[in-house]
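Asks: These are the residues of each chain, in order.
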Amino acid sequence: MTNLDADLLKQIKQGDDLAFTTLLEHFQTPVFNLCFRMLGNRQEAEDAAQETFWRAYQGINKYDPNRSFSTWLLSIAAHFCIDLLRHRSLPSFSMDVLPEGNIPDPLPNPEKSVMDAMKQAQVQQVISLLKPEDRAMIILFYWYDFSEKEIGKSLSLSVSAVKSRLHRIRKQLATLWLLSEKQFSPVTEGT
Amino acid sequence: MTIHRHFEDLIFSGTSISSAEKKYLIEHLKACPECETLFNSWQAVCKQIQSVQVVKPSPNFVEKWNKDLDNRKLLARTMQARKMLLISSTGTVLALLITFGLTMVLASPAGLINGVINSINNLVVVINLLHMFSAAIINVIPPIIPFYYTLVFSSTFCLLTVLWIYSIWRISLQGVRTK
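Quick note, the sequences are listed as chains S and B, same order. Per the working numbering, the first sequence starts with residue 1, numbered consecutively. Per the working numbering, the second sequence starts with residue 1, numbered consecutively.
If you're looking for bench data, these hints aren't it; they were derived computationally from the structure. Just to be clear, a hint being listed does not mean it is correct.
A few chain B residues that face chain S, going by a derived Cβ cut-off under 7 Å, partial list only [unchecked claim]:
1) 20
2) 23
3) 41
4) 42
5) 49
6) 56
7) 74
8) 159
9) 163
10) 164
11) 166
Idealized CB from N, CA, C, for every residue including glycine.
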């Protein structure tokens, strides 16, 4: 569900809270996942996702039905997370990278599962070292299949600026990955 | 350096490259360990990013939303009312200050005192006149207009006043979505 059903939108605009709950049920996972990838902390991500839906609820009349609803909603989430990260005094990284319920089944290959979990933690850590706006760009581009144009629209940047920044971020990610390999390698070698 | 830059552009551009460029890049990677390390690292990041799992919210996410919705609405309404109150009081204080400042600049203290006394005097006169006028109307109207019409007129006036107050309240709530 990337766009909003016209009837549902009409009901929401008329103040039907039940219709908004239907929308929330559909979009809770992508919004929460984005917040979690941005913030790296489950509790903060859940609060941020709730705040995103509240902002959408308040601003539903400003939504342009010609635009993709998920793009609009995820832009709100990205902006909110960017603001939160900017207000953080220090960059934080929680080891809560694989929350309960998402840890792969340790059987039949426990070693592989642990390795996968470590790699996912590594990805999350590397992403958490990026600037808030860069983080949002990478997440939207690779996990939400946003086009460069959509990212530009969401983050108020030109397409050429998005392209050049993505180029810079990719290089930065590659460098950070190399550095993080040193941090994660003693554990992986020991397993 | 420029050569490295060119190959970095190929590695990190994010767009597909032609077979000739690919061949050219592979040859360079064989000869340049620095670019090769970056290339391999980016490939590893890419692979991991694409394999990352989607994280789901807690099962009571929707329940929490429904529970908090009324509180959020109430808070938003309170904030909106406070904002309106703050804007109106700031505007009033500013208008008073500007009036006072202009009076202080333009008039002498004696003239100012005289002006205040005159204004109070005029106000009293106007109130007296209004009082006399309404008394005269009350004495004159009943014989001319029947009681029924007076009642309709007064009710309409009261209703319009209530509507006016309600409109101001609605405007003050603008931006807060309520059911």
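Asks: Would you mind marking each hint as holding or not holding in the structure?
Replies: Evaluated hints:
| no. | hint | in the structure |
| --- | --- | --- |
| 1 | 20 | violated, 21 Å |
| 2 | 23 | violated, 22 Å |
| 3 | 41 | holds, 4 Å |
| 4 | 42 | holds, 4 Å |
| 5 | 49 | holds, 5 Å |
| 6 | 56 | holds, 5 Å |
| 7 | 74 | violated, 13 Å |
| 8 | 159 | violated, 26 Å |
| 9 | 163 | violated, 22 Å |
| 10 | 164 | violated, 25 Å |
| 11 | 166 | violated, 19 Å |
The structure fails to meet hints 1, 2, 7, 8, 9, 10 and 11 from the earlier list, while all remaining hints are met.
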